[in-house]
Amino acid sequence: MIIDYKKETKTLILRVTEEIDQHTADRIRRKLDSEIEIYTPKKVVFDFNGIEFMDSSGIGMVLGRYKLVRMLGGEFEIINVNKRLKRIFDMSGVSRIINIKDEESEKNEWVI
Amino acid sequence: MNGLYDNEMKLEFTSKTSNEAFARVAVAAFVSQLDPTIDELSDIKTAVSEAVTNSIIHGYNDEEGTVKVVCKIFLDTVQIEISDNGKGIEDVEMAMRPLYTSKPDLERSGMGFTIMESFMDEVKVESAIGFGTKVLMKKKISQKSDELTEERSSEEHINNEGENLKYIDDTTEEKIKKDIKNILGA
Numbered sequence: 001m002i003i004d005y006k007k008e009t010k011t012l013i014l015r016v017t018e019e020i021d022q023h024t025a026d027r028i029r030r031k032l033d034s035e036i037e038i039y040t041p042k043k044v045v046f047d048f049n050g051i052e053f054m055d056s057s058g059i060g061m062v063l064g065r066y067k068l069v070r071m072l073g074g075e076f077e078i079i080n081v082n083k084r085l086k087r088i089f090d091m092s093g094v095s096r097i098i099n100i101k102d103e104e105s106e107k108n109e110w111v112i
Numbered sequence: 113m114n115g116l117y118d119n120e121m122k123l124e125f126t127s128k129t130s131n132e133a134f135a136r137v138a139v140a141a142f143v144s145q146l147d148p149t150i151d152e153l154s155d156i157k158t159a160v161s162e163a164v165t166n167s168i169i170h171g172y173n174d175e176e177g178t179v180k181v182v183c184k185i186f187l188d189t190v191q192i193e194i195s196d197n198g199k200g201i202e203d204v205e206m207a208m209r210p211l212y213t214s215k216p217d218l219e220r221s222g223m224g225f226t227i228m229e230s231f232m233d234e235v236k237v238e239s240a241i242g243f244g245t246k247v248l249m250k251k252k253i254s255q256k257s258d259e260l261t262e263e264r265s266s267e268e269h270i271n272n273e274g275e276n277l278k279y280i281d282d283t284t285e286e287k288i289k290k291d292i293k294n295i296l297g298a
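These protein sequences, in sequence, are chains A and B.
Be aware that the first sequence starts at 1, since it is given in our numbering, and climbs by one per residue.
Be aware that the second sequence starts at 113, since it is given in our numbering, and climbs by one per residue.
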């Protein structure tokens, strides 16, 4: 996983680079929570570009971060989700509460 | 092989979450001989990941145990059995309800069985308190060869004994290589 923090916009961007299961979700959760605590960002963006595998562990991990960020008064967004991941987010109702931009919608390019 | 099945494989591993990727990739590699579509393979990988995670997190409650995976192929159907000797499930029906989880503190979403049921054709759960849980899943693999008979015939080669040898196509092989690389690199 790669984590970027943009000072100007107070935005924390997480680029997920591994398959998401219980094992990797734990790792992402620990790392991201400490970053969120350090920066208290205004906005947190999960970038799933290129991620082909996610099981239900990803749902809990995403929802947990969403709750934390909202509690701290920030915004939360998920971008670059492929059809498979979208199906899992839809099934669990995540897409009804979190703003998800899929791969087909405008490309979300974050330039460092 | 006992004659009832065309092919069979068995895996046993320690109940560590770091083995989840190993389990789903090993099953996917075995199933690849049925020439599944990328989506079918992803469905199977996701279902295996869910069942294995359940055994580790719920069955053994993060204590050390052994998770067993038995995978059988019968014609165009794959049957996957994932079992543990953990604590068992008190109420299977409740456990299978969407969004029900006994571990909200671990941020489990309660979607594991729902995902298994929607990605596989059949899911059966047997559980006994104190003895363990067994999840049995089946999925019929669409035979691409039915639609693409001509294409397939060029992929089949006859060896000296006159047996048909089917080769894994390039994309499947690339996918397996990538998976294995991911695991080794992780």
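One or more of the hints may lead you astray.
As the list claims (entries may be wrong) - Derived DSSO-like pairs (lysine-lysine); straight-line CA-CA distance at most 30 Å:
1) A/Lys86 with B/Lys199
2) B/Lys184 with A/Lys101
3) A/Lys31 with B/Lys128
4) B/Lys250 with B/Lys290
5) A/Lys86 with B/Lys236
6) A/Lys86 with B/Lys287
7) A/Lys31 with B/Lys290
8) A/Lys67 with B/Lys184
9) B/Lys250 with A/Lys86
10) A/Lys43 with B/Lys184
11) B/Lys122 with A/Lys10
12) B/Lys199 with A/Lys83
13) B/Lys199 with B/Lys290
14) B/Lys287 with B/Lys215
15) A/Lys10 with B/Lys236
16) A/Lys83 with B/Lys252
17) A/Lys86 with B/Lys290
18) A/Lys101 with B/Lys122
19) A/Lys101 with B/Lys293
20) A/Lys6 with A/Lys67
21) A/Lys6 with A/Lys101
22) B/Lys250 with A/Lys43
23) A/Lys31 with B/Lys293
24) B/Lys128 with A/Lys67
25) B/Lys252 with A/Lys86
These are calculated hints, taken from the structure and not from any lab test.
Tested hints:
1. A/Lys86 with B/Lys199: The hint is violated at about 33 Å.
2. B/Lys184 with A/Lys101: At roughly 39 Å apart (the allowed maximum being 30 Å), A/Lys101 and B/Lys184 break the hint.
3. A/Lys31 with B/Lys128: 20 Å, holds
4. B/Lys250 with B/Lys290: 26 Å, holds
5. A/Lys86 with B/Lys236: Holds - the C-alpha atoms of B/Lys236 and A/Lys86 are around 26 Å apart, at most 30 Å.
6. A/Lys86 with B/Lys287: 21 Å, holds
7. A/Lys31 with B/Lys290: Cα-Cα ~26 Å, so holds.
8. A/Lys67 with B/Lys184: At roughly 42 Å apart (the allowed maximum being 30 Å), B/Lys184 and A/Lys67 break the hint.
9. B/Lys250 with A/Lys86: 24 Å, holds
10. A/Lys43 with B/Lys184: 48 Å, violated
11. B/Lys122 with A/Lys10: 50 Å, violated
12. B/Lys199 with A/Lys83: 36 Å, violated
13. B/Lys199 with B/Lys290: 36 Å, violated
14. B/Lys287 with B/Lys215: Violated, at roughly 34 Å.
15. A/Lys10 with B/Lys236: 48 Å, violated
16. A/Lys83 with B/Lys252: 22 Å, holds
17. A/Lys86 with B/Lys290: 22 Å, holds
18. A/Lys101 with B/Lys122: 40 Å, violated
19. A/Lys101 with B/Lys293: 29 Å, holds
20. A/Lys6 with A/Lys67: 21 Å, holds
21. A/Lys6 with A/Lys101: Holds: A/Lys6 and A/Lys101 sit about 20 Å apart, inside 30 Å.
22. B/Lys250 with A/Lys43: Since the Cα atoms of B/Lys250 and A/Lys43 sit roughly 43 Å apart, the hinted pair is violated (cutoff 30 Å).
23. A/Lys31 with B/Lys293: 24 Å, holds
24. B/Lys128 with A/Lys67: 28 Å, holds
25. B/Lys252 with A/Lys86: 24 Å, holds
Violated hints, in rising order: 1, 2, 8, 10, 11, 12, 13, 14, 15, 18, 22; the structure is consistent with all others.
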